[in-house]
Amino acid sequence: MLVMRRRAGESFLIGEAIEIEVLEILGTRVKLGIVAPDSFLIQREEIKITRDENIAAARSVRQQNISSFLNQVASQPAGAPVKNLTDASILTTKCT
Amino acid sequence: MPRIQTKCFDELEYSPDAVFEFPYGIPGFEAEHAFVFLEQPATHPLMFMQSLSRPDVCFILIPVRAADRHYKLCLSEENLFALRLPADSQPRMGKDILCSVMVCAADDQRPHPTVNLFAPIVINLRRKIGIQAIQTEYSPRHPLISQVPQEELVACS
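Listed in order, the protein sequences are those of chains A and B. Per my numbering, residue 1077 is the first one in the first sequence, and the count goes up by one each step. Per my numbering, residue 3 is the first one in the second sequence, and the count goes up by one each step.
In case anyone wonders, no lab produced these hints; they're calculated from the structure. Among the clues, some could well be false.
To be verified - Pairs of lysine-lysine, DSS-like flavour, derived with a Cα cap of 27 Å:
#: 1; chain 1: B; residue 1: K9; chain 2: A; residue 2: K1124
#: 2; chain 1: A; residue 1: K1124; chain 2: A; residue 2: K1107
#: 3; chain 1: B; residue 1: K97; chain 2: B; residue 2: K130
#: 4; chain 1: B; residue 1: K74; chain 2: B; residue 2: K97
#: 5; chain 1: A; residue 1: K1124; chain 2: B; residue 2: K74
#: 6; chain 1: B; residue 1: K130; chain 2: B; residue 2: K74
#: 7; chain 1: B; residue 1: K97; chain 2: A; residue 2: K1107
#: 8; chain 1: B; residue 1: K97; chain 2: A; residue 2: K1124
Said to hold, decoys possible - So, partial list: chain A residues that the calculated Cβ filter (under 7 Å) puts toward chain B:
#: 9; residue: P1113
#: 10; residue: D1114
#: 11; residue: F1116
#: 12; residue: I1118
#: 13; residue: E1121
#: 14; residue: N1130
#: 15; residue: S1136
#: 16; residue: V1137
#: 17; residue: N1141
#: 18; residue: N1147
Stated by the list, open to error - Quick list of simulated restraints, FRET-style, between CB atoms:
#: 19; chain 1: A; residue 1: K1107; chain 2: B; residue 2: D12; range: 19 to 27 Å
#: 20; chain 1: B; residue 1: E23; chain 2: A; residue 2: K1124; range: 18 to 26 Å
#: 21; chain 1: A; residue 1: I1090; chain 2: B; residue 2: D12; range: 15 to 23 Å
#: 22; chain 1: A; residue 1: R1082; chain 2: B; residue 2: D109; range: 37 to 45 Å
Glycine included, C-beta positions come from ideal geometry on N, C-alpha and C.
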């Protein structure tokens, strides 16, 4: 792994088309600015975890699983915020 | 009224103004830019987030606070921008935005059903725009099973 020290305001290049600038360093967080052609997909590592979970969640949607989820949810207390949220979903299509 | 083929409810009519736009799709489903949200009394409070273009793409959601009553959503500047919300304040859950999480059934690697508190689905209710907003301090595989102490359950019922 190449390790490089940079101060805020300094940048580095990857090839000729990609420039990464350290914009700001605040405590444990670094703010970066990235200039790259549109064809490069730039994403956080967290996106990979999310993608894997999304695919697993979509695969798991089956009729027999729905009742199992409901059994789990029924054991949860239904607090006021939950009611507000579902009330807010009046914009959604209702099916019977 | 246009019709949609759904994964869980066969074919349904939907109103065009019930369509929510996901400008960036969601990770793993980047091409899905339009979803409808379906609910029925029998499966309350579950919601079904159904892709408009792919009948096989449907997610089961529950309101985040049904999974974690103390959940705190913190939207980054870029999340707020994507949702077309003001950058200078956090939106109110249930008023400005809807925040729900995906449920995933148990399988070989997952002994119990889990909810993804790490990546909630957040919707701007007024503009009907949705994103999946990463919350790194939460788990992508939080158990759905109630972990609330018995005395609190009694107090809430």
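Hints, one by one, checked against the model:
{"no.": "1", "hint": "B:K9 - A:K1124", "verdict": "holds, 25 Å"}
{"no.": "2", "hint": "A:K1124 - A:K1107", "verdict": "holds, 21 Å"}
{"no.": "3", "hint": "B:K97 - B:K130", "verdict": "holds, 13 Å"}
{"no.": "4", "hint": "B:K74 - B:K97", "verdict": "holds, 15 Å"}
{"no.": "5", "hint": "A:K1124 - B:K74", "verdict": "holds, 23 Å"}
{"no.": "6", "hint": "B:K130 - B:K74", "verdict": "holds, 22 Å"}
{"no.": "7", "hint": "B:K97 - A:K1107", "verdict": "violated, 31 Å"}
{"no.": "8", "hint": "B:K97 - A:K1124", "verdict": "violated, 30 Å"}
{"no.": "9", "hint": "P1113", "verdict": "violated, 18 Å"}
{"no.": "10", "hint": "D1114", "verdict": "violated, 14 Å"}
{"no.": "11", "hint": "F1116", "verdict": "violated, 15 Å"}
{"no.": "12", "hint": "I1118", "verdict": "violated, 12 Å"}
{"no.": "13", "hint": "E1121", "verdict": "violated, 10 Å"}
{"no.": "14", "hint": "N1130", "verdict": "holds, 4 Å"}
{"no.": "15", "hint": "S1136", "verdict": "holds, 4 Å"}
{"no.": "16", "hint": "V1137", "verdict": "holds, 5 Å"}
{"no.": "17", "hint": "N1141", "verdict": "holds, 4 Å"}
{"no.": "18", "hint": "N1147", "verdict": "violated, 9 Å"}
{"no.": "19", "hint": "A:K1107 - B:D12: 19 to 27 Å", "verdict": "violated, 49 Å"}
{"no.": "20", "hint": "B:E23 - A:K1124: 18 to 26 Å", "verdict": "holds, 24 Å"}
{"no.": "21", "hint": "A:I1090 - B:D12: 15 to 23 Å", "verdict": "violated, 50 Å"}
{"no.": "22", "hint": "A:R1082 - B:D109: 37 to 45 Å", "verdict": "holds, 44 Å"}
Consistency with the previously given hints fails for numbers 7, 8, 9, 10, 11, 12, 13, 18, 19, 21, ordered from lowest to highest.
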